[in-house]
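A.B. asks: Here is what each chain is made of, one letter per residue.
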Amino acid sequence: MPGGLTVDRLSKTFAGQRALDDVSTAFPAGEITALLGHNGSGKSTLIKILAGFYDPDDERTVDVFDQELTLPVSPRQAHEVGLRFMHQDLALVDDLTIADNFAFVDHFHTRTDLGPISRRREHQRVGEVLATFGVEEDPGTQVGDLDMTTKTIVGMARAVQDSRSSEDDIRHHVLFLDEPTAALPQDEVERVLEVMRGIRDRGGAVVLVSHRIDEVMRIADRVVVLRDGRVVAQRERAGLDPDGLVELIVGGSAADEGRRSKAPEDGVTLSVRGLCGPRLRGLDFDVRRGEIVGIAGLVGCGRSELARILAGAQRAESGACSLAGTPFEPKTPADALRAGVSYVPQDRRGAGCITGMSLQENLSLGLLGRFFARGWLNLREERRSTREAIAEFGIRPPDPRRLVAYFSGGNQQKAVVSRAVSRNPTLLVLDEPMQGIDVGAKREIAQIVRNLADEGVSVLVGSTDAADLVGLCERVLVLNRGELVAIAAGAEVAEERLTLLAANPDGEEGAR
Amino acid sequence: MSSIKAADGPSRAVGEKDPREGPRAGRGFGDRVLEYTAEYGIVIFLVLMCVGFAIWQSGTFPTSRNIKSLLGNQAIPAILALAVVLPLAAGEFDLSIAANLGFCSIASAEFASHGMTPALVIILTLMIGAAIGLINAVIVVGIGVNAFIATLGMSTVLAGGNLLLTNGNTVFEGIGESFTSIATTRIFGIEIVVLYFLIVAIVAWYAMERTPFGRYLRATGMAREAARLSGISTTRRLSGAFVIAGTLSGLCGVLQTAHLGSAAATVGPEFLLPAYAAAFLGATTIRRGMFNVWGTVVGVLVLAVGINGLTLAGAPIWVPDVFNGVALIVAVSAAVLVARHRERAKPKTT
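Sequence lines, in order, name chains B and Z. Counted the way this note's numbering counts, the first sequence spans residues 864 to 1375. Counted the way this note's numbering counts, the second sequence spans residues 2 to 351.
Bound-form chain B, shown alone (with noise of 0.2 Å):
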């Protein structure tokens, strides 16, 4: 296959640890590659060495379209020869509009760059980019009032655009993008993949970096499995079912579905009353000792802020909940904590932990006060106590002076799930605990989970992705638009089930 991506021998060692060991490959033109490992594979490491983040170990030299690029290059030269990538966050200013947000990437067209700007020719310009990627926005809206999938959108579209030649331009590009459906709502999801067909089909190069199996399954053409920094499988993806592509991922077999031990108990822990916040309208329901009960719905269906009010990080409206019998009302988390419910939220790098902070540091976040004594931190009984949180959790690498920021996506959530689990609660609160994390650290998660509920801890775990919380949860409320709509349970904690209720509950007959 002419043209796109082609990678050789690439290797990349930090502070002794080979992150990308003797990598070779290729992502061909007109063809939607899927790149696919767990965290800490390798797959970051090698988008960033090729977007000119890192220096590779040796120099080498990749072929784009024909044109050879030696490594390492400049952010700007990789740009230059089109490889272009889209980051997670997408990288777009929400308080600019679409058509200053193209110009970061393009430029302003103007003479010079102390020429005026022409605000008409730039708005025509950009909206005949949009068009082509089906956004009908104007150009002059602010990207903050777009939804997150026209967002995704039109951060591909700037991707991939080029300024001062044709749009048939794709045809050399190749395009990198971290998990670009991984914030979306389910029903979504396909407009963001059709884009990417779009540009496969203009003879682009599309590297697809997702953790969504089921995603893949549909529009790769063809699969790179990294482990450890190396490649271990490079191949057409008709022919791989489901199961093969995990098994590639983790290097074991799939089938390891996590049990319990024990039946939920009778007494309830949590019990909720005509809950209303900015979202939620009346929400009504209870959950019973060492029960594992899932939240599904799509984005702003009010899940987080079902989580944060009962992690004492957002006030109630209204409405009454009780935990263990007595009224529940947190005004802080540190009130919520207090009373026996820990929280793990969503956004894990800004709001679950510290990153500049050493895992150490981290684990005993508003614990210190376990290690304090006679006037002093017990800085070794702290560490010991770490080194039990890392064997008890699995985290890896397990050195507990290595800062957060460091560890892998899943490792990081294991620390934040230890944090709030060593604080004996009596209700664990989890959104979103499985986003952006391997298939690996998801099951390790999940049975983490399941232990606490067997100690009678209640767990409430909040996702867009119901696939996360299938074979996890007993029962599953389903919220739209704050309002609860649906509970699911035994057989109908089903992923087909949910995704349908979630997304389209008026459809169905009320599933209580």
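Treat the hints with caution; some may be incorrect.
Said to hold, decoys possible - Across the chosen pairs, the derived CB separations fall in these ranges: (1) Thr236(Z) - Asp957(B): 46 to 52 Å; (2) Glu1255(B) - Arg187(Z): 55 to 61 Å; (3) Gly143(Z) - Arg1201(B): 22 to 28 Å; (4) Cys1139(B) - Gly143(Z): 40 to 46 Å; (5) Arg983(B) - Gly143(Z): 45 to 51 Å; (6) Ile318(Z) - Arg983(B): 56 to 62 Å.
The set of hints was computed from the structure by calculation and includes no laboratory data. Cβ atoms here follow ideal geometry from the backbone N, Cα and C, with glycine treated the same way.
Starting from the known structure of chain B, arrange chain Z on it as the hints suggest.
C.D. replies: Relative to chain B, chain Z alone:
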């Protein structure tokens, strides 16, 4: 799944250590030397500077008289530099510390000249300093005004207050020996303010590094939402930082008056930049990337030794300001570069 085209194993010589076995494996001696040099760069710079001046100005710099006066003169700026470390660690600027020092210096001069006992003067002045810190806390933490703006406003208010109290004159009448002795008493020939500074530094180090307060203060500075969600009362820590900074500024004010025996209407602003320069220099060493107590002490010494040495060498009067300003810019640049280097080198994946 035999059809999978697995990549060949890596070409590694038999018996060669797998670099993944340990995080430190494969790091050479050179790497570690580099690491230490970066970590203790400004400590090394301080030592080199001392040695350099000792050789260059061998008749004046390395004398016991010069060193004693250097220490005596730097104790108060050093305490003020420690005062800014707390709000900085919590992620906020307190620009009012120098004006607070000035206001407290004048207030204590007024108290002393009206015949109050030294103990009463100290207590009253510390209360004024703390009250200023508390007002800052209310404005910044309670109302939510940007700390930069709030404390800048407070500075200007206090500068006006100085003129109100003094009418623009220097306060010196009636300030007696009993009051000045709280700063100028000598122990082994060194002024007692140096001892005060040491006590403040040790207590500050203890509070920052060995108590939950210090750890949570840093957490507040690094990621406020994450700290709050983990049950830390970030508003309390932040308010605490402002009040402690205010109190320490008040202490500096009393000591400044006692040290000089007078208080000029314009005292204060000249202390601001060196305090921040020292704190930022300090953030490049000992605990790199974080504002820390001993780093700040080293920062104060770098500035003091540099200016002292250059002055002894006959540098003209504009040199100290330039030196302070350049040091601040270089320090912050170094901190940024260190952070960027770390960012690039970080073994971050996916």
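A.B. asks: Would you mind marking each hint as holding or not holding in the structure?
C.D. replies: Hint check results:
1. At about 27 Å, the beta-carbon gap between threonine 236(Z) and aspartate 957(B) misses the expected band of 46 to 52 Å.
2. For glutamate 1255(B) and arginine 187(Z), the Cβ-Cβ distance of about 58 Å falls inside the hinted range of 55 to 61 Å, so the restraint holds.
3. Between glycine 143(Z) and arginine 1201(B) the C-beta distance comes to about 23 Å, which sits within the given range of 22 to 28 Å.
4. A C-beta distance of roughly 28 Å is found between cysteine 1139(B) and glycine 143(Z), which places it outside the suggested range of 40 to 46 Å.
5. With their beta carbons about 48 Å apart, arginine 983(B) and glycine 143(Z) fall inside the hinted range of 45 to 51 Å.
6. Between isoleucine 318(Z) and arginine 983(B) the C-beta distance comes to about 58 Å, which sits within the given range of 56 to 62 Å.
The structure shown violates the earlier hints numbered 1, 4.
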